[in-house]
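Starting from the known structure of chain Z, arrange chain A on it as the hints suggest.
Listed in order, the protein sequences are those of chains Z and A.
The first sequence begins at 0 in numbering that gives the first Met the number 0 and counts up one residue at a time.
The second sequence begins at 0 in numbering that gives the first Met the number 0 and counts up one residue at a time.
No wet-lab data here; the hints were simulated from the structure.
Treat the hints with care, as some may be off.
Residues from chain A shown here face chain Z by an in silico Cβ test under 10 Å; the list is partial [to be verified]:
(1) Val100
(2) Leu103
(3) Glu262
For each residue, glycine too, the CB sits at the ideal point set by N, CA and C.
Number of protein chains: 2
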Amino acid sequence: MPTLADIGEDNLIRKLMRGVKLDGDVIAGAGDDCAVVRGSKDEHTLLKTDALVQDVHFTLETPPKLIGRKAIARVVSDFAAMGGTPRHAMITLVAPPSMEVEFLSEVYRGMRTIAKEYGINIVGGETSRGLVLMLSISMSGTVPSKRWLSRSEGKAGDVILVTGRLGGSIHGKHLKFQPRLEEGRWLSENAHPHAMMDISDGLAKDLPRLALASGTHYQVNVASLPCNPGCSFDQAWGDGEDYELLLAVNPRSVKSLLQKWREAFPKLPLTIIGKLVPPGEGRPPDFESTGWDHFALSADG
Amino acid sequence: MPTLADIGEDNLIRKLMRGVKLDGDVIAGAGDDCAVVRGSKDEHTLLKTDALVQDVHFTLETPPKLIGRKAIARVVSDFAAMGGTPRHAMITLVAPPSMEVEFLSEVYRGMRTIAKEYGINIVGGETSRGLVLMLSISMSGTVPSKRWLSRSEGKAGDVILVTGRLGGSIHGKHLKFQPRLEEGRWLSENAHPHAMMDISDGLAKDLPRLALASGTHYQVNVASLPCNPGCSFDQAWGDGEDYELLLAVNPRSVKSLLQKWREAFPKLPLTIIGKLVPPGEGRPPDFESTGWDHFALSADG
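In isolation and in its complexed conformation, chain Z is listed as follows:
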């Protein structure tokens, strides 16, 4: 009998979600950064859940305030990718009975601080005992109904851009990154991207996902990748947890977008890194590392 290790996460999700029936109130179900459901006339509701597991996403050596911060920030990043606004959070906490209360208090302090910063209410949650610490955050929020962004509407010919710089997040950024919430809303209003998502698993994994969802392939100009100081192009491509935004924009809008962006966010780069191309075109970026071996260049395979 095959195990989870045999089939991998993406296949598991596809298998489990097969047979799920949705009614007309669901505008976008599983597969995007957030689910989109019908809300009021002008606004849709966004829903998202995300878990942090001890020894997978953090260790007990991680400063507890930063564990809490990261748990919330990851979800805010998903709302940013939709052009939306997070509003209410619920926290499921699983912890061993032997855990010190003070450690958890610090975790919550980290959550409260960043929640306040982004205008998010912590409206409830649940605790249960378990073998290791686990935090599952679920959040609801809003997005203008005419302007929510999926990852699946990219078109061949679109220019691919990323915010910020990539690579080396493991050295600290993965605990302290600033979710691009304001930038996400600004892009949704000013750039009208065809597709947008956040880079959580690394460009090497996430760009193929965007292309696959959009039914295209892609081409990347390696030398254009915006690297964090001390990082190689290889790391910018293969490392995960950048939490920057990845977007596909009509080539005709790019010039004016870059100009307006520089005025709005003078300190944050927005960089063209390649383009979406028709299926069958595109070729793999030329790296020596094995990091990006794990993805398929071709969007449909």
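Positioned in the frame of chain Z, the structure of chain A alone reads:
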């Protein structure tokens, strides 16, 4: 340094939620069966999260379909307690890589089946590896804005009632119970209870919670407890996982309520078990078991 085991769940939650600031869109935060946030003009939004952990809430001997069923049904029961309607669910799945895919497929089959039964969309979720199986379900839904029910508006003099029969859930009902969703909405429309909640941890724990939240004490008529076949009054009082509704109703409405109930739900008992009384009155039900030793009779301590 005190651990979680030292201070217990209720104290932990109180401690962690201290210092949480909420804005005007939150009508009820942590502490009720669901959180209530502002939605449209006529409807509020309900939010709830709930986790099932292997070897705490189920074992790997439990039929996997029933694990999935229970995970969803518990949350539906919380919506029932608010007089609301669940609409969209997200599923966080933590599982060891060695777990068989077929086992999880059966868990999801159980979730899909009951979700369909109650008109709930499974709109997304997340998977992560972990040491044991854990399911965290978060759900959003609606409740008429003028008719949502908290557990905190009970008044001294109110009559306390429960739906169904209590006790012995461990012999099977805890996996197969029918959440009282239709009954909850009916009660909200027809009985206008001052307070309502579902009985998940047992009457012995949950009735004091309702009384505490309402600022009252309570008195129970032991001989009136509706017992499941083969169960003692002691079990009806102390066992958990009944997932029946517990409500406090103005004494003047009770007679007509019971009459209308019998017409609407001829097969399901609705039983008067006691009353809410002013703080300082009330006395503990007279049991020999130790089950109910763990709660404080007095609503404020």
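Hints, one by one, checked against the model:
Annotation: interface hint on valine 100/A holds; nearest CB of chain Z at approximately 5 Å, less than 10 Å. Here the hint on leucine 103/A is kept, as its CB sits about 7 Å from the closest CB of chain Z, short of 10 Å. A distance limit of 10 Å between C-beta atoms decides the matter here; for glutamate 262/A the minimum to chain Z is near 31 Å, and the interface restraint is violated.
Violated hints amount to a single one, hint 3; each of the other numbered hints is respected by the structure.
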